[in-house]
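Novice: Here is how the chains run, residue by residue.
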Amino acid sequence: MKRPLAVGVVVVFAVILSTMVVSGLGATDEQAVATIETKAPNYSPWASAVWEPPGSHGELAFFALQGGVAAFVLTYYVERLRAGTHATDA
Amino acid sequence: MGSFSSYEHGATSLMHIMEGFLPPFWAIFWTVVALPVVAYGAKRTLTAVKTDTRTKALIAVGTAFVFVLSALKLPSVVGSSSHPTGTGVMVVLFGPAVTAFAATIVLLYQSLLLAHGGLTTLGANVTAMGIVGPFVGWAAYRLVRTRLSLEQATFVAAVLTDWVTYLTTSIQLGLAFPSDAGALSSAADFAAVFAVTQLPIGIFEGLIAAAMVGYLVRVGSVTKERLGVTA
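Note that the protein sequences, when read in sequence, are chains W and U. For the first sequence, the UniProt record's numbering gives the first residue as 1, with consecutive numbering after it. For the second sequence, the UniProt record's numbering gives the first residue as 1, with consecutive numbering after it.
Incorrect hints may appear among the rest.
[To be verified] Okay, the calculated beta carbon distance ranges per label pair: (1) U:Ile203 x W:Met20: 18 to 26 Å; (2) W:Arg82 x U:Phe25: 48 to 56 Å; (3) U:Pro178 x W:Ser23: 27 to 35 Å; (4) U:Ala181 x W:Leu65: 40 to 48 Å; (5) W:Tyr43 x U:Ala181: 13 to 21 Å; (6) U:Arg147 x W:Gly58: 24 to 32 Å.
[To be verified] Not the full set, but computed from the structure, chain W residues with beta-carbon under 7 Å of chain U: (7) Leu5; (8) Phe13; (9) Tyr77.
Think of the hints as simulated: they come from the structure by calculation, not from any bench. None of the values given here were measured: they were computed from a predicted structure. C-beta atoms are modelled at their ideal positions from N, C-alpha and C, and glycine is treated no differently.
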């Protein structure tokens, strides 16, 4: 359990760090939206998100959670596979 | 409902096509396209999970890999940023159908909890990231796996999976928002926007996926038979 936890924590920090590093850069997302705006200036999105994380920190927290939990699961199962606790491959 | 200006925060979230950003016709169209593939992928996944515990663990590893990589926001050499898709490992281990189901789970999570993508655009995003990209990557993998090493073949598959995902998104946006010169010209405009960032990120994703699959083989987690490598 120690290694999955450690990897999970490392990935949480990696997600936070990667977001901080790119914070000053223009996202392609924004450029794509600008392109839509140019092509269809009168288009109005007809639906909105059912829920949005509160502010940029909320969004970052959910991304970090996503990465951290997934890294924990990934490492946990890789460890189990390495330990040979499973039956032979199909 | 809202105008572009009221979506300022959401605009930064277009890792996938965001909520409401496809006209209803195209939202329904791509949902209809994606549904049968995802249903088939779900059936294949459930069958694979029941096969044995090793396969079940590998599906968990592949899906977790998609979650991890798609959480990272990476800078590109051209001064912009984007996300990897992370689907390359799943493509190589299980093929496009199971990848479609795994991608749907990831996209649903991001739609509901991160406001990245959306429910109305889920079909389009699944078609791009879970179906077309992985299918092309898988086809390329099958084509080159006997000629290249396992890591090299995985690299090719993962790079193409990433690039084709964003190319498909460009086509979807081009069809939804055609220019005077037509949908193809509009798709090329969107592809140009994504390409400058996604080309190097796709290569990075290919390297990571190749390293991951190579590692799984080295530690005996996956047999070469699963990877379609007989020698």
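Novice: Give a verdict on every hint.
Specialist: We went through each hint and held it up to the structure:
1. The supplied range of 18 to 26 Å is met by Ile203 of chain U and Met20 of chain W, whose beta-carbon atoms lie about 23 Å from each other.
2. The hinted window of 48 to 56 Å between Arg82 of chain W and Phe25 of chain U holds, with their beta carbons roughly 50 Å apart.
3. Distance hint check for Pro178 of chain U and Ser23 of chain W: the Cβ-Cβ separation is about 34 Å, which falls inside the suggested range of 27 to 35 Å.
4. Distance hint check: the CB atoms of Ala181 of chain U and Leu65 of chain W are about 44 Å apart, consistent with the given range 40 to 48 Å.
5. Taken as a hint, the range 13 to 21 Å holds for the pair Tyr43 of chain W and Ala181 of chain U, whose Cβ atoms sit roughly 18 Å apart.
6. Evaluation of the 24 to 32 Å hint for Arg147 of chain U and Gly58 of chain W yields a failure: the beta carbon distance comes to about 48 Å.
7. Below 7 Å, beta-carbon pairs count as interface contacts, and Leu5 of chain W has none with chain U, the closest being about 14 Å; its hint is therefore violated.
8. For Phe13 of chain W, the shortest C-beta to C-beta distance to chain U is roughly 12 Å, which exceeds 7 Å, and the interface hint is violated.
9. With a cut of 7 Å, the hint placing Tyr77 of chain W at the interface with chain U holds, because the nearest CB-to-CB distance is about 4 Å.
Violated hints, in rising order: 6, 7, 8; the structure is consistent with all others.
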